[in-house]
Each structure stands twice: as structure tokens, then as C-alpha cells.
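Peer 1: Here are the chains, one letter per residue:
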Amino acid sequence: MRIRLGYVPLTDAAPVIAAAELGFARDEGLEIDLAREPSWATLRDRLALGHLDAAHMLGPLAIASALGLSGPQARLNVPMALGLNGNAVTVSNALWGAMAPESDGLADVAAGFARVARARAGEGRPLTIGTVHPFSSHSYQLRLFAGLGGLDLDTSVRLVVVPPPDTVDALRRGRIDGFCVGAPWNSVAVAAGLGRIAALGCEIAPDCPEKVLALPAEGAEFTAPLVRAVHRAGLWCADPENRGSLSSLLAERADLDSDAALIARTLSGALIVDADGRERTNPAYLRLDAATHRPNPDHARWLVAQMVACGQVAPGGHAADRAAALYRPDIFATAVTG
Amino acid sequence: MTETSLTVAVIDPSPARAAILEEGLRAGGVGQVVVIPDGPDLQARVASLKPDVIVVHLESPSRDVLEQMSGLSRQAERPVAMFVDRSDQTMMQAAVDAGISAYVVDGLRSERIRSILDIAILRFNAFARLQRELDEARSELADRKLIERAKGILMTRKGMSEDEAYKLLRRQAMNEKRKIVDIARAIVTAADLLG
Numbered sequence: 001m002r003i004r005l006g007y008v009p010l011t012d013a014a015p016v017i018a019a020a021e022l023g024f025a026r027d028e029g030l031e032i033d034l035a036r037e038p039s040w041a042t043l044r045d046r047l048a049l050g051h052l053d054a055a056h057m058l059g060p061l062a063i064a065s066a067l068g069l070s071g072p073q074a075r076l077n078v079p080m081a082l083g084l085n086g087n088a089v090t091v092s093n094a095l096w097g098a099m100a101p102e103s104d105g106l107a108d109v110a111a112g113f114a115r116v117a118r119a120r121a122g123e124g125r126p127l128t129i130g131t132v133h134p135f136s137s138h139s140y141q142l143r144l145f146a147g148l149g150g151l152d153l154d155t156s157v158r159l160v161v162v163p164p165p166d167t168v169d170a171l172r173r174g175r176i177d178g179f180c181v182g183a184p185w186n187s188v189a190v191a192a193g194l195g196r197i198a199a200l201g202c203e204i205a206p207d208c209p210e211k212v213l214a215l216p217a218e219g220a221e222f223t224a225p226l227v228r229a230v231h232r233a234g235l236w237c238a239d240p241e242n243r244g245s246l247s248s249l250l251a252e253r254a255d256l257d258s259d260a261a262l263i264a265r266t267l268s269g270a271l272i273v274d275a276d277g278r279e280r281t282n283p284a285y286l287r288l289d290a291a292t293h294r295p296n297p298d299h300a301r302w303l304v305a306q307m308v309a310c311g312q313v314a315p316g317g318h319a320a321d322r323a324a325a326l327y328r329p330d331i332f333a334t335a336v337t338g
Numbered sequence: 001m002t003e004t005s006l007t008v009a010v011i012d013p014s015p016a017r018a019a020i021l022e023e024g025l026r027a028g029g030v031g032q033v034v035v036i037p038d039g040p041d042l043q044a045r046v047a048s049l050k051p052d053v054i055v056v057h058l059e060s061p062s063r064d065v066l067e068q069m070s071g072l073s074r075q076a077e078r079p080v081a082m083f084v085d086r087s088d089q090t091m092m093q094a095a096v097d098a099g100i101s102a103y104v105v106d107g108l109r110s111e112r113i114r115s116i117l118d119i120a121i122l123r124f125n126a127f128a129r130l131q132r133e134l135d136e137a138r139s140e141l142a143d144r145k146l147i148e149r150a151k152g153i154l155m156t157r158k159g160m161s162e163d164e165a166y167k168l169l170r171r172q173a174m175n176e177k178r179k180i181v182d183i184a185r186a187i188v189t190a191a192d193l194l195g
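For the protein sequence lines, the chains are A and B, in the order given.
For what it's worth, my numbering labels the leading residue of the first sequence as 1, then goes sequentially.
For what it's worth, my numbering labels the leading residue of the second sequence as 1, then goes sequentially.
Source of the hints: derived by calculation from the structure; they are not laboratory data.
All residues carry an ideal CB built from backbone N, CA and C; glycine is no exception.
One or more hints might be untrue.
What the hints assert, rightly or not - Using C-beta positions, here's what the derived DEER-type ranges look like:
| # | chain 1 | residue 1 | chain 2 | residue 2 | range |
| --- | --- | --- | --- | --- | --- |
| 1 | B | Ala191 | A | Gly23 | 32 to 38 Å |
| 2 | B | Val35 | A | Asp207 | 43 to 49 Å |
| 3 | A | Ala325 | B | Glu23 | 43 to 49 Å |
Claimed, not checked - Covered, in the sense of this in silico footprint (three residues per stretch, anywhere, with C-beta under 8 Å from a C-beta of chain A), are these stretches of chain B:
| # | region |
| --- | --- |
| 4 | 57-63 |
| 5 | 176-188 |
All chains should be modelled from the sequences, with the hints used to inform the complete structure.
Peer 2: The following block contains the structure:
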């Protein structure tokens with residue numbers, strides 16, 4: 001059986017790319033045609049209208065699509081998560097200099113950011129910070145990061161969306177002062193000498209829900225084999241022994257615009273954070289391991305709470321229950337054990 | 001249709017397709033049509049143009065940028081919403097099939113947007129058809145060149161006339177139940193490899 005699976009080029013598309021390219025899908029009798037999508041909005045619409053059979057998708061966007069908050073309302077299931085974490089906040093060298101935190105610790109960094117953001121807002125030229133989509137953990141992590149420094153993101157910072165491959169150029173031209181984006185784009189900005197990784201997403205929100213595998217809800221026959229294939233591919237991706245081959249595969253197939261060595265660092269969590277080559281290691285920076293694959297309804301509830309906090313969803317109501325019902329640990333369990 | 005009071009922005013990674021849509025909207029009576037290229041200036045240009053409708057191709061990387069500018073965000077400088085007419089699933093499907101999405105300012109009556117979407121769907125489908133025909137013509141030309149080369153090889157190597165060479169190609173194709181161009185390609189490849 002042949003299916004069309006959409007993805008956006010990011011390190012955490014690894015499990016679906018590996019499933020399609022390394023034979024995990026074929027072992028389940030599936031042939032996956034990978035469709036690289038130019039934006040999350042287009043991926044969402046194509047999944048909602050049946051142009052795609054499955055997608056590597058921002059968890060909050062899958063929820064928003066199914067709840068009719070974003071694009072044409074879709075009937076979706078989330079039978080698997082594709083990993084946790086993987087984002088970072090990167091700021092321009094100039095902004096890092098102005099923040100001048102006493103240490104690399106999150107509290108100091110957030111305080112420095114909040115101080116500069118307040119000063120700039122006071123001068124009538126607020127900081128401009130990039131995110132990837134309104135319905136993304138990136139937007140929520142930026143809000144939490146600002147909150148750590150006592151800053152209200154809505155009133156003090158100009159939030160814009162920058163397509164991840166454009167983030168480096170936007171920093172270079174001074175159009176943005178920083179951004180929160182997934183791997184490998186933070187590392188690409190550092191390697192270009194244009195940015196400083198200020199905070200890791202996994203420090204701002206530990207084990208933060210990230211991409212999921214989203215499928216149409218109409219119990220498609222390929223659901224179980226696809227979940228098994230992506231699960232097994234995910235295990236292969238998480239094995240440190242395979243990092244070298246996986247990095248080369250991603251550099252080649254995912255058009256990540258970066259070399260394999262840089263991608264390998266995002267997989268191992270040994271990140272270079274500034275132009276001087278300072279290294280920071282956090283093994284949880286991007287988690288693809290087995291424990292992250294089960295779709296957790298509590299993650300859906302947490303994401304809805306973030307949507308409420310930034311005004312995307314009205315408080316009260318049943319949004320959290322409806323979102324939690326989309327995440328299907330039962331389908332996952334049956335698929336991987338059955 | 002008289003939509004002289006409307007401003008429509010067109011965003012499309014293909015300048016040729018954008019030009020065709022621009023022309024179509026003008027001919028349909030839309031007052032102001034502005035093509036805005038994808039890129040770092042897009043948000044500022046949309047904010048200063050203040051279009052009533054934005055027609056954007058699905059292949060544009062700028063769609064997420066427009067979604068941030070929509071009412072989904074408290075920071076929205078110019079609230080626009082993605083045009084999703086739930087009452088008309090066919091229209092939505094036709095738009096997406098043609099590669100179109102639209103964002104509109106709040107309060108614009110949906111029938112006014114639909115006439116614009118109708119033009120966009122017609123123009124984009126016509127463009128896709130032209131593109132397909134062009135691709136077919138190109139590949140036909142490439143096939144013919146390949147057959148000419150194969151005939152030339154047979155004529156030189158086997159001392160055949162052009163007619164005999166063509167007949168040999170055709171007979172081989174019939175015997176193997178393949179296309180003449182496939183046989184020609186095999187001959188050209190073999191000749192390239194064997195020198």
C-alpha cells in the first residue's frame with residue numbers, strides 16, 4: 001500500500017524520513033511517498049482535505065486543526081508522538097551582549113532578556129522575536145521564557161513568524177533580534193556566526209510536547225503498520241550508534257541546509273552555543289527515544305492550557321477534553337504490541 | 001463584477017503565475033492588485049498595503065507568516081483570517097486543488113471573496129494546464145531527439161539508411177513490447193558506454 005506523508009524539514013522529522021527511506025515501512029508492506037511541505041499551514045490544509053494520508057505535525061497545530069481553530073476543520077487522530085523537545089531560543093550577538101547575563105543559567109538569561117525587552121519597549125522600538133507558527137510549542141516556550149523574567153510577551157515584544165530556513169538571514173539583516181525554532185536551525189545560526197543559543201527548550205519546559213504523527217480519523221487500514229514502522233524507525237534514530245548514518249541521511253534527504261556533523265550535534269545534544277565554540281551538552285535537548293513515542297493525552301491538555309494562556313482558546317469549555325481525546329495511546333499500544 | 005473598492009495582494013513563488021492571476025483579477029474589475037514576493041519584507045509590505053484579500057499559493061513559504069498576522073495572535077497588527085467557508089466544502093476543495101489559499105480582513109462579505117477565488121481557481125488551473133502542455137511538448141521534443149540520435153548510431157555502425165534504421169527501432173520495440181523511445185534510449189546509452 002502506498003501512502004503520502006507530509007513533513008517540514010527539521011531534525012525531528014527523522015523518524016518518518018527513516019521509516020520511508022530505510023526499509024521500516026517496506027517491512028510493514030507500506031510504501032511512503034514523502035512530501036516536503038513549504039509551510040505548516042499548507043501541511044495542515046493538505047492533511048485536512050485528504051491530499052496527505054499522514055503528517056509530521058506540530059502537536060498544537062494538529063489539535064487546532066481538529067478543533068477548527070486553524071484552517072479547515074479536520075477529523076484527526078494522533079496515534080503516536082515523534083519525540084520531545086528540540087527547540088532553543090537563539091538571540092543575535094548584539095542582543096546577547098546587551099542581556100549580559102551573569103551566567104548561562106536559565107534564570108539569569110531570562111532576567112537579562114526581560115530587562116532589555118522592557119527597555120526597548122519603553123523606547124518605542126520593541127524587540128522583534130521570531131516563532132514558527134501561532135500554534136506551536138515554540139510560541140508557548142517563548143511566552144514561558146519571557147515569564148521567567150517577569151515579562152509579558154504580548155505587550156512587550158513583537159512576535160513574528162519566520163520560516164525556519166529564513167531565520168539565519170533574518171538575523172543577519174537585523175529584521176529579528178532572536179527566535180525560537182527547532183533543530184538544526186539554532187545551530188545553523190551559531191555556525192554562521194550570527195547568533196547565540198540563549199536557552200534550550202528543554203530547560204524552559206522539560207519534556208515539552210513537540211511533533212506528532214497525525215492521521216485522518218477515519219480508521220485507515222494503514223494506521224497500525226505505519227505506527228509500527230515509524231516506531232521502529234524512531235528506535236533506530238534514537239540509537240547513538242546510528243547517529244552518523246542518520247545525520248547523513250537527514251543532511252541529504254531533508255534539505256536541512258546544513259552539514260551532517262552539525263546535525264549529529266543536535267541529535268546528541270552537544271551544542272555549540274556561540275561563535276567562540278563554547279559547548280553545552282544536554283542529552284535531553286532532542287529526545288527521540290522509545291519513551292517519547294506514546295501519545296500522551298496529558299500533553300494535549302498542557303498544550304490547550306498554553307493556548308488559553310495566550311488567548312487562542314477561551315478559558316472554560318471542553319477544548320482540553322476534546323484535545324486529549326485526539327491523542328490515542330490505545331491505538332499506539334495495539335499497533336506496537338499487536 | 002465590480003470590485004473597484006477592493007485591494008487584493010497576490011503572493012506566489014512563481015512570478016509567471018502571479019502575473020497571470022494579477023491580470024485576471026484586474027480584468028475581473030478588482031480595483032487594486034499588488035503582487036508581493038515571498039521574503040523578509042513580506043510582513044511589512046502586507047501591513048502597509050492593508051489588503052482586503054490576500055490570495056496566496058500553497059507553495060509559498062509565507063503562509064505561516066500570514067497566520068501569525070491573523071487574529072490568532074494578540075500581536076496581530078492587521079487582523080486577517082484564513083478564508084474557510086465551511087458552508088461550501090466543494091469551493092474549499094477546488095481552491096486547495098488549484099493550489100490556493102486566501103486570507104481576508106474581518107467583515108468582508110463571503111460572496112465578494114468567492115468571486116475573487118473563482119477567478120484565482122480558473123487562472124491557476126489554466127496555468128497548470130499550460131505548464132503540463134509545455135512539459136509534454138518538451139518531453140516529446142526530447143524523445144524525438146533521442147530517436148534521431150539512435151537512428152544516427154545505427155546508420156553509422158550498421159551502414160543502414162535512415163528508413164531502415166527507423167524500421168529496426170520500430171520492430172525491436174514491437175518485439176519487446178516497449179516504446180520506440182525506450183529502445184532508442186538503450187541504444188544511445190549503450191553507444192555512450194561502449195564508445
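Peer 1: Each of the hints needs a verdict: does it hold here or not?
Peer 2: Against the structure, the hints:
{"no.": "1", "hint": "Ala191(B) / Gly23(A): 32 to 38 Å", "in the structure": "holds (36 Å)"}
{"no.": "2", "hint": "Val35(B) / Asp207(A): 43 to 49 Å", "in the structure": "holds (45 Å)"}
{"no.": "3", "hint": "Ala325(A) / Glu23(B): 43 to 49 Å", "in the structure": "holds (48 Å)"}
{"no.": "4", "hint": "57-63", "in the structure": "holds (count 6)"}
{"no.": "5", "hint": "176-188", "in the structure": "violated (count 0)"}
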